[in-house]
Amino acid sequence: MSRLLPRTRREPPADAELISHQLLVRGGYIRRLTAGVYSYLPLGLAVLQNISAVIREELNDCGAQEVLMPALHPWELWKSSGRDRLLGEVLPSFLLEGRGGRYVLGPTHEEVATAIIAGDVDSYKQLPVCIYQIQTKFRDEARPRFGLLRTREFIMADAYSFDASREGMHSSYDAVFSAYVRIFERIGLNAVPVKAASGAIGGDVNHEFMVDSDAGEDSYVKCESCGYAANVEAANVGTVELQESEVSVLSTPEEGSKEEIDSKIPRPDVQDDQLSAYPTATTSRGRDVTSNLENLIPVREHHTPGIMSIDEVVRYLADQIPEAELKASAVLKCIAVIDPNGEPVVLVVPGDREVKLPASFRLFEETDFDRHPELLKGYIGPMGLSERGVKVMADRSLQNRIGPWISGANKPDTHVSGLLQGRDFTVDVWGDFVVAKAGDPCPQCGCPLSLSRSAEVAHTFQLGITYSSKIEGATFLDDAGTPHPYWMGCYGIGVSRLPAVIVEVHHDERGIIWPCSVAPYTVHLLSIGSGKDEDVARTASSLYHALSQAGVKVLYDDRAVSPGIQFGDADLMGMPWQLVVGNKGLARGVVELRSREADKVVEIPITPTNPNWSDVVESIQGAIADR
RNA sequence: CGGGAAGUGGCGCAGUUUGGCAGCGCGCAGCGUUCGGGACGCUGAGGUCGCGGGUUCAAAUCCCGCCUUCCCGACCA
Numbered sequence: 107m108s109r110l111l112p113r114t115r116r117e118p119p120a121d122a123e124l125i126s127h128q129l130l131v132r133g134g135y136i137r138r139l140t141a142g143v144y145s146y147l148p149l150g151l152a153v154l155q156n157i158s159a160v161i162r163e164e165l166n167d168c169g170a171q172e173v174l175m176p177a178l179h180p181w182e183l184w185k186s187s188g189r190d191r192l193l194g195e196v197l198p199s200f201l202l203e204g205r206g207g208r209y210v211l212g213p214t215h216e217e218v219a220t221a222i223i224a225g226d227v228d229s230y231k232q233l234p235v236c237i238y239q240i241q242t243k244f245r246d247e248a249r250p251r252f253g254l255l256r257t258r259e260f261i262m263a264d265a266y267s268f269d270a271s272r273e274g275m276h277s278s279y280d281a282v283f284s285a286y287v288r289i290f291e292r293i294g295l296n297a298v299p300v301k302a303a304s305g306a307i308g309g310d311v312n313h314e315f316m317v318d319s320d321a322g323e324d325s326y327v328k329c330e331s332c333g334y335a336a337n338v339e340a341a342n343v344g345t346v347e348l349q350e351s352e353v354s355v356l357s358t359p360e361e362g363s364k365e366e367i368d369s370k371i372p373r374p375d376v377q378d379d380q381l382s383a384y385p386t387a388t389t390s391r392g393r394d395v396t397s398n399l400e401n402l403i404p405v406r407e408h409h410t411p412g413i414m415s416i417d418e419v420v421r422y423l424a425d426q427i428p429e430a431e432l433k434a435s436a437v438l439k440c441i442a443v444i445d446p447n448g449e450p451v452v453l454v455v456p457g458d459r460e461v462k463l464p465a466s467f468r469l470f471e472e473t474d475f476d477r478h479p480e481l482l483k484g485y486i487g488p489m490g491l492s493e494r495g496v497k498v499m500a501d502r503s504l505q506n507r508i509g510p511w512i513s514g515a516n517k518p519d520t521h522v523s524g525l526l527q528g529r530d531f532t533v534d535v536w537g538d539f540v541v542a543k544a545g546d547p548c549p550q551c552g553c554p555l556s557l558s559r560s561a562e563v564a565h566t567f568q569l570g571i572t573y574s575s576k577i578e579g580a581t582f583l584d585d586a587g588t589p590h591p592y593w594m595g596c597y598g599i600g601v602s603r604l605p606a607v608i609v610e611v612h613h614d615e616r617g618i619i620w621p622c623s624v625a626p627y628t629v630h631l632l633s634i635g636s637g638k639d640e641d642v643a644r645t646a647s648s649l650y651h652a653l654s655q656a657g658v659k660v661l662y663d664d665r666a667v668s669p670g671i672q673f674g675d676a677d678l679m680g681m682p683w684q685l686v687v688g689n690k691g692l693a694r695g696v697v698e699l700r701s702r703e704a705d706k707v708v709e710i711p712i713t714p715t716n717p718n719w720s721d722v723v724e725s726i727q728g729a730i731a732d733r
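Just so you know, the first sequence maps onto residues 107 to 733 in my numbering.
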């Protein structure tokens, strides 16, 4: 260890916020070169190699073959798949001076993998085939952060499966999926597979593997009752049962008390089991009550200059209409988006909820607002949009809520209150457009969902023929001689992110506690007071050689520094076992083997004068294996 | 991309308000004393004060421009 490259550091670097980042830097595992770019020093590299070894074993076991694809791709490849646009600014591309040409530093390898297989697999007899690599990837992240968790350069283990049929794709998917489950088990992570959004990769079915951690950037919902689990970006929400308190009422005093109007709000299409929440409302009275309500509640305009956000509207109108109890949930959040056909659509959700953009929809940009002057940024309302060729799509949770609502007025600097669904606006399409939150009902069983903060460690996709149908020659002939595109799957593990995620989960106030499977060394050998005591130095040194020869990975702290430094470094660096050789122990004829995690000491007998090394090594190995 | 903060020996920071010898702690080198949970004494090495311009007798410090880094936000209209 006196020759080990980095020194440990007492203080974390100023830019490290996360405990994993601090400990990995202090322990000498990684060093930052620039924002989002890290070097792996000997200890960090050892961890990556141990993780990679587990990945290789499991993927090889399920029949995948390792390859190494280029990190440098021709720009044309990304243009032909259309993903130059899809990945946008994240795609690092550059012009090579001299002989020239535009290149991409590969952020992922679906195109390359498909091209490789397309060139060599022409028959159903050659399928299925699965290739994988462990490679450095590049993404021009807008904002790298959290140490190893979000970087511009990172290592990924990515696999690609090719099958002759949808069923084949499913079984390949299942095989890699269960390999992933085993990989995370082996490296000491409890990774939960959850349904996820496919993002820029594409395909239908996909799962993310999530590790619960406050350091993570993702959140997923989970149903304890039926096991439903999904990233909040992809989670559906079951029918929301309205609570009395959620019913938004906006009235003026002369038109009736809150209670009076409350009791007259109809809920068409209310399910029987929901009626209990509204003892005063019945579907049979619905029509009559609606007409009453229409008389009771007028549409009123409010001058709201510069008031654009829901919160601002609520605060502003609360002053204007003091008699009404105003909450964000009484406002319709109306978001202008472009649907996959390029047509404008307004998405409507309750004002206290976040919008979940459906797949392939995108938000309005400035130029879209220019092109559609009927939609005024900050003042959009659902009224009269269908007539003007703008479809209104609303979240299902609004289906049973007539109003009255507040929204933008589709006029500059104006909002309106008293809007009733059916009277003042209609909805063209109902769907799931809200981001799930804790307590929402499960879409499968209705039980309340819980929300967990998490770090994504892997993502698996059933791609179908998304890529193979676009890339020239990505087909095989079936037994009748007919060409078909491959059925593909792709799978990625964020390898270089894993040390950070593991440390987030496995540490204490003194430092890292590596699981044995990924620890750079199994045993951290400390010689306490070796500068003073010849016996200690000699015994420790002999023990180091004996253990190493027996195949135990030993990190030997042979430095003549004070014990506190040695113990402190050992705790910080986090090897699973500390083997302490000191004069106190030797005087009693023992060396001490302490487990980092349990902080328990096992005394290993040793005869200082004439040790039987094979016995000592054996008892150490035995103690380690017991755990 | 918007907002905020910061760049001073390897690391962590003070000094900038009010211009006047470039400092502290850790680490590093040498010598000595220590030695079972981050010991101590003495001696020493190491800095274009992010970069470029300007003001001034004089700039880490004031002014202008640029670069880099960190934090918050970035679909919620």
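You may find that some hints are simply not true.
Listed below are the simulated DSSO-like cross-link pairs for lysine-lysine, each with C-alpha atoms no more than 30 Å apart in a straight line [to be verified]: (1) Lys638 <-> Lys706; (2) Lys231 <-> Lys576; (3) Lys483 <-> Lys497; (4) Lys706 <-> Lys659; (5) Lys301 <-> Lys497; (6) Lys517 <-> Lys483; (7) Lys517 <-> Lys576; (8) Lys543 <-> Lys301; (9) Lys690 <-> Lys301; (10) Lys433 <-> Lys497; (11) Lys543 <-> Lys483; (12) Lys690 <-> Lys659; (13) Lys690 <-> Lys638; (14) Lys433 <-> Lys543.
Just so you know, these hints were derived from the structure itself, not from any lab.
Given pair status - Lys543, Lys433, alpha carbons within 30 Å: holds, 18 Å
Pair hint Lys543 and Lys483, alpha-carbon separation not exceeding 30 Å: holds, 27 Å
Agreement of Lys543 and Lys301 with the hint, judged by alpha carbon distance not exceeding 30 Å: holds, 15 Å
Holds or violated: Lys231 to Lys576, with C-alpha atoms at most 30 Å apart: holds, 22 Å
Proposed proximity, Lys483 with Lys517 (alpha carbon, max 30 Å): Distance ~10 Å between Lys517 and Lys483 Cα, so the pair holds.
Restraint check for Lys301 with Lys497, where alpha carbons must lie at most 30 Å apart: holds, 28 Å
Given hint Lys497 paired with Lys483 - CA-CA distance at most 30 Å: holds, 17 Å
Pairwise hint evaluation, Lys659 against Lys706, where the allowed Cα distance is 30 Å at most: holds, 20 Å
Holds or violated: Lys638 to Lys706, with C-alpha atoms at most 30 Å apart: holds, 27 Å
Satisfaction of hint between Lys497 and Lys433, Cα-Cα up to 30 Å: holds, 26 Å
Hinted pair Lys690 and Lys301, Cα distance within 30 Å: Measuring from Cα to Cα gives roughly 56 Å; hence the hint is violated.
30 Å limit on alpha-carbon distance, applied to hinted pair Lys517 and Lys576: Roughly 45 Å between the alpha carbons, so the hint for Lys517 and Lys576 is violated.
Hint compliance for this structure: hints 7, 9 are broken, all remaining hints hold.
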